[in-house]
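**Student:** Taking the hints into account, I'd like the entire structure generated from these sequences.
These are the residues of each chain, in order.
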Amino acid sequence: MTGTLKFVQGNEACVEGALYAGLQFFAGYPITPSTEIAETLASKLPQIGGKFIQMEDEIASMCAIIGASLTGSKSMTATSGPGFSLMQEALGYAIMAEIPCVIANVQRGGPSTGLPTKVAQGDVMQARWGTHGDHAIVVLTASNNQDVFNITIEAFNVAETYRTPVILLFDEVVAHMRERLTVPEKNEIPLVERLQTSVKEGVDYHPYLPREDGRLPMSDFGGVHRYNVTGLYHDMWGFPTATPAIVDGLIHHLTDKIRNNVHVITKFKEYYLEDSSTVLISYGSAARSALHHVLNRRKRGENIGLIELQTLWPFHGELIREKCKNARLIVVVEMNLGQLYRQVKMAVDRPERVFLANRVDGVFITPTDIKNMLRLIQGRGV
Amino acid sequence: MAIKDWIRERFFPHIWCPGCGHGMVLNALLHTFESLGISKNEIVMVSGIGCSSRISGYVDVHTLHTIHGRALAFATGVKMSRPDLNVIVPMGDGDALAIGGNHFIHSARRNININAIVMNNRVYGMTGGQYSPLSGYGTLATTAPFINIDHAFDISRLSMAAGATFVARTTTYHTKQMSELFKEAILHEGFSVVEVLTQCPTYFGRKNKAGNAVEMIKSFKNNTTQIGSKAKEQNPDLIERGIFLQKDLPEYSREYDKVIERAKTKKR
Ligand SMILES: Cc1ncc(C[n+]2csc(CCOP(=O)(O)OP(=O)(O)O)c2C)c(N)n1
Ligand code: SF4
Ligand SMILES: [Mg+2]
Chain S
1 MTGTLKFVQG NEACVEGALY AGLQFFAGYP ITPSTEIAET LASKLPQIGG
51 KFIQMEDEIA SMCAIIGASL TGSKSMTATS GPGFSLMQEA LGYAIMAEIP
101 CVIANVQRGG PSTGLPTKVA QGDVMQARWG THGDHAIVVL TASNNQDVFN
151 ITIEAFNVAE TYRTPVILLF DEVVAHMRER LTVPEKNEIP LVERLQTSVK
201 EGVDYHPYLP REDGRLPMSD FGGVHRYNVT GLYHDMWGFP TATPAIVDGL
251 IHHLTDKIRN NVHVITKFKE YYLEDSSTVL ISYGSAARSA LHHVLNRRKR
301 GENIGLIELQ TLWPFHGELI REKCKNARLI VVVEMNLGQL YRQVKMAVDR
351 PERVFLANRV DGVFITPTDI KNMLRLIQGR GV
Chain P
1 MAIKDWIRER FFPHIWCPGC GHGMVLNALL HTFESLGISK NEIVMVSGIG
51 CSSRISGYVD VHTLHTIHGR ALAFATGVKM SRPDLNVIVP MGDGDALAIG
101 GNHFIHSARR NININAIVMN NRVYGMTGGQ YSPLSGYGTL ATTAPFINID
151 HAFDISRLSM AAGATFVART TTYHTKQMSE LFKEAILHEG FSVVEVLTQC
201 PTYFGRKNKA GNAVEMIKSF KNNTTQIGSK AKEQNPDLIE RGIFLQKDLP
251 EYSREYDKVI ERAKTKKR
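Sequence lines, in order, name chains S and P. Okay, so the first sequence: first residue is 1 according to the numbering used here, each after it adds one. Okay, so the second sequence: first residue is 1 according to the numbering used here, each after it adds one.
Hints were generated in silico from the structure; no laboratory data involved. Each residue gets a CB set at the ideal place from its N, CA and C atoms; glycine is no exception. Just so you know, not all the hints are guaranteed correct.
Simulated restraints on C-beta separations [stated by the list, open to error]:
(1) S/D57 <-> P/M1: 35 to 45 Å
(2) S/S43 <-> P/M1: 37 to 47 Å
(3) S/R180 <-> P/Q246: 51 to 61 Å
(4) P/I3 <-> S/G317: 53 to 63 Å
(5) S/P116 <-> P/G128: 39 to 49 Å
(6) P/M1 <-> S/P184: 50 to 60 Å
(7) S/P240 <-> P/K218: 43 to 53 Å
(8) P/M1 <-> S/T241: 48 to 58 Å
(9) S/R342 <-> P/P18: 48 to 58 Å
(10) P/D5 <-> S/I246: 19 to 29 Å
Residues of chain S clear of chain P, computed beta-carbon distances all greater than 12 Å [claimed, not checked]:
(11) T4
(12) L5
(13) T113
(14) P244
(15) R288
(16) R297
(17) P314
(18) E318
**Tutor:** Here it is, written out as structure tokens:
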């Protein structure tokens, strides 16, 4: 990979990724530990003719990026726990109205104001189910700056491909850690641009009639096609309806377009799974310690491996079951009370093999923590 | 173009009750569009949730029907991204000033070129007649079955204090004035607020024994007066109609060009 070498924080790596992906509009409200994303974009976006606006709150920020996206601008916001809670209603709107946009939630300790400056991974389920009603959502994460950069680009690509909001679920450690980042040359990483309708002016355009492949070609607001966008159940013109067959069709379209592509959307990394009797499953900054532990134990000849998930939702249960089928012990390493752990337990055969190694006290989980917890799980004492 | 060419006939009949004032606002707005001679493709209507907010769906422009109270925030995204478009935001009194009150004052403060229309029927129509921040002291509502002890906002004074640069009021009795004010507001460069006193005969009317739709409309003739009229001096209780404020101040989405210019030359 050729490109520019930088030494940056995770939050700045996210900004670099967003700009690489073609971000044009950002709306946000300051909150630790995500604030550097807003601050950096306040400086960088206008330099390339993009727009940055600090809104009156996170609700407004989420709404503003949806409005901007409808006019054709790639848009994002960034926040943390309390702000992410405020965004939930508008997030559901973006799902229902199928508006591409990206939301970075840099997790901190919760609930409530919680631990503003400390690390946690407690928003995994909120990212999945925070907004009301049945729905599908894409949630991506990463454990180091290069991956934060790449996954942010991926978030924009997925948002455009499936016309859906995509959540970047980072955490305080990844966001504030300084590391090397190589920003590749333009065109090195493929970008997905908005699929525009080929329907000509004056011909009846159906904004909500999916193509055979499930994708919805768009027409930007301000363009030649005028249509209605709503958060109510709607027909192919975007007009509100409660006709049962249309409602049923739409809820299935909204969930199927993500579910049916779980194998395409899912990104993960695997280390030494071939011969591993112990498999760790982790994500975000916790996966750094998990990997560290795996490398340590490998040096001592232990058959231990790691799956690092970068796509948390949709959750690829089949993949996890397959990858873990020969493991005697499966240990989910995360900084919450077992949010992904429960998901893994449901996915695998013989769920009694699945254990949790976690920390929820605002302190980063270390390789030593993991080592000690594994010894306890294996009944060997610390 | 004929007025009916501005309408999406496919979406009729509309959802409003017979005698509801919201249809009269729609009619006045269509006349405004017709008289302005702007193209449909240049207009974006953004609305929230409420009987009033349904107005956007019926008009053949770009229409964004959003969530309760947040229309101005969505509209801000549209306007910042495409400053060349005319962005019009019709809202109910609850939508604009209860749940959406924060977005309302901040949009006014920025002086972003968005035309806010507040369809003030002094009630939550869509949810069945609860009191709104515009119902006023002493009124009745399903959630104020004995007496409403909440005081009402004065939308014009609030808008002016918050920084709006065009502020006006009219009623559904004064449909010609309504069209004219809409026109002035759309031509104005900056955040404009036009409050329209309108009737909800189904809930506010019935609960407060304000009469049927016709009687409610007539009451707007009797309890309002043109700004600065003699009648107001004699009867201070009369509600004033007309333009309260119209001033030129830098507009937000254009001001951002300055940010871009400075950013590009790295000037602080
Ligand atoms: C977050 C949220 N809270 C409550 C509601 C329920 N709700 C829908 S419309 C409305 C009030 C509408 O009143 P107003 O804005 O005055 O419009 P009107 O119907 O009177 O025209 C309420 C409370 C909602 N849709 N969303
Ligand atoms: S309930 Fe009131 S505001 Fe709603 S449509 Fe009926 S009359 Fe109009
Ligand atoms: Mg109302």
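**Student:** Lying within 51 to 61 Å: is that true of the beta-carbon distance S/R180 to P/Q246?
**Tutor:** Since the Cβ atoms of S/R180 and P/Q246 sit about 57 Å apart, the hinted range of 51 to 61 Å holds.
**Student:** Closest CB-CB distance from S/P244 to chain P, is it above 12 Å?
**Tutor:** 19 Å, holds
**Student:** Do the beta carbons of S/R342 and P/P18 sit within 48 to 58 Å of each other?
**Tutor:** 54 Å, holds
**Student:** Just tell me: holds or violated, for the beta carbon distance of S/P116 and P/G128 against 39 to 49 Å?
**Tutor:** 41 Å, holds
**Student:** Would you check whether the claim that S/E318 is not at the interface survives, using Cβ distances to chain P and the 12 Å cut-off?
**Tutor:** Given a closest Cβ separation of 36 Å, the condition holds.
**Student:** Can the suggested window of 53 to 63 Å be confirmed for the beta-carbon pair P/I3 and S/G317?
**Tutor:** Holds - the Cβ-Cβ distance for P/I3 and S/G317, about 57 Å, lies within 53 to 63 Å.
**Student:** Mind verifying the non-interface call on S/T4? Its CB should be farther than 12 Å from each CB in chain P.
**Tutor:** For S/T4, whose nearest Cβ neighbour in chain P is about 19 Å away, the distance exceeds 12 Å, so it holds.
**Student:** If I take the minimum Cβ distance from S/R288 to any residue of chain P, is it greater than 12 Å?
**Tutor:** Nearest chain P Cβ is 35 Å from S/R288, so the label holds.
**Student:** Run the C-beta distances from S/T113 to all of chain P and say if the shortest one exceeds 12 Å.
**Tutor:** Per Cβ check, S/T113 is outside 12 Å of chain P; nearest 20 Å; holds.
**Student:** Is the claim that S/L5 lies outside the interface with chain P correct, judged by CB distances over 12 Å?
**Tutor:** 22 Å, holds
**Student:** Are all C-beta atoms of chain P more than 12 Å from that of S/P314?
**Tutor:** With a cut-off of 12 Å, S/P314 remains clear of chain P, as the shortest Cβ separation is near 25 Å.
**Student:** Just tell me: holds or violated, for the beta carbon distance of P/M1 and S/P184 against 50 to 60 Å?
**Tutor:** 51 Å, holds
Hints 7, 8, counting from the list given before, are not met by this structure.
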